[in-house]
Amino acid sequence: MSNEYSIQPPAGQTSGIIGLVLAIIALVLAFVPCIGMFAVIPGGIALIFSVVSLVLAVNRNAPKGLAIGGLVLTMVAICVSCAWMLGLVRAERLNSTMGSSTGSSGLRVLARIGDALDATGELDEFEHEELDVEVRTADSGGSVRLRVRTKGLEEQLRLLAADSLNVVSIQDSAGQTTISFKSGRR
Amino acid sequence: MLPLRNPYRACSLLLALGLTVVLLYPLLLGNRLPVPAMLSQLTGAHPPSRGLSRAFALIVRGRLVEAQAMNPHALRVFAFFALQLPLRLLAARWAIRGRAVLLADIALSVVLFVLCLWPLIVYTCRAMASLF
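Taken in order, these protein sequences are the chains called W and L.
Here the first sequence is numbered in the numbering used here, starting from 33 and rising by one per residue.
Here the second sequence is numbered in the numbering used here, starting from 9 and rising by one per residue.
Each hint should be verified, as a subset may be incorrect.
With the Cβ distance kept under 10 Å, some of the chain W side facing chain L (calculated, not the full set) [unchecked claim]:
(1) A43
(2) L59
(3) M107
(4) C111
(5) W116
Here are the computed lysine to any residue pairs in the SDA-like style, where the Cα-Cα straight-line distance is at most 25 Å [claimed, not checked]:
(6) K96/W / A115/W
(7) K96/W / G106/L
(8) K96/W / A24/L
(9) K96/W / D113/L
Footprint (simulated), chain W over chain L, 3 or more residues, beta carbon under 8 Å [stated by the list, open to error]:
(10) 14-21
(11) 124-138
Since the hints were derived computationally from the structure, they do not count as laboratory data.
Don't be surprised by glycine CBs; every beta carbon is placed ideally from N, CA and C.
Using the sequences and the hints given, assemble the complete structure.
Quick look at the structure:
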């Protein structure tokens, strides 16, 4: 006489495992800047599997831990990934609507004069050679956000970091763009 | 023998398979890596992940100095994936020992993730903050 028994996994467990694994993969990918936007692919698949797992687990009164874990991680991954896509769409729109000018100093204009802009970054935490600077034109009162090479300018900009930078003049000649700043309180 | 359908064991083995792909694909594809540098092309930015794929291809070939020059964070990021592979295999082996192993694994993995990918995490968080 044989004892027969069946080992059936709890309802939704297989889907939950797949969902959780894909969610972890999506989460790791989401925090890698150049490929973060692609995390939405495994994230989307993970979302489907996790939802299926949760529905099966709820219907059959089975453990829901895997499904909930997968859902939480995948939502975080999808949010970060979507934020990357939004940022890239905005950057592409700015480039296509107003073009960009890059002088030999590596300057690129990122916004129109008069746009509402964010504050500048903190110089001493900047790892790369570019800095987003908000400047206000001396005459019109509008503002433009510039990305400037900090190499050679870092020390001067460091001294001005607490202030707004008022553009006194912009000269563009022979491919060289020179911007003169004047420090001023906001 | 622990059934394969033990969820912790199954997750660990599937992740180990994914990690193997991540570690092997630069070796197989060489410089023909399909990851586009869209962020750099559109914004002119130099994110900390720039050159990471090429650096991975150099690391798997043992050219560590060149990899470091290609991307200064490459070794650190690669270490995360390289360390996770044996950790996943160990976790699959020890899954039977219960909840303590699971919690320790989660804690260790989170710490490794934060430590090894810290420059990328910081850059991502700043980029997200600048959107809002």
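Results for each hint:
{"no.": "1", "hint": "A43", "verdict": "violated, 13 Å"}
{"no.": "2", "hint": "L59", "verdict": "holds, 9 Å"}
{"no.": "3", "hint": "M107", "verdict": "violated, 15 Å"}
{"no.": "4", "hint": "C111", "verdict": "holds, 9 Å"}
{"no.": "5", "hint": "W116", "verdict": "holds, 7 Å"}
{"no.": "6", "hint": "K96/W / A115/W", "verdict": "violated, 29 Å"}
{"no.": "7", "hint": "K96/W / G106/L", "verdict": "holds, 18 Å"}
{"no.": "8", "hint": "K96/W / A24/L", "verdict": "holds, 24 Å"}
{"no.": "9", "hint": "K96/W / D113/L", "verdict": "holds, 20 Å"}
{"no.": "10", "hint": "14-21", "verdict": "holds (count 3)"}
{"no.": "11", "hint": "124-138", "verdict": "holds (count 10)"}
The structure fails to meet hints 1, 3, 6 from the earlier list, while all remaining hints are met.
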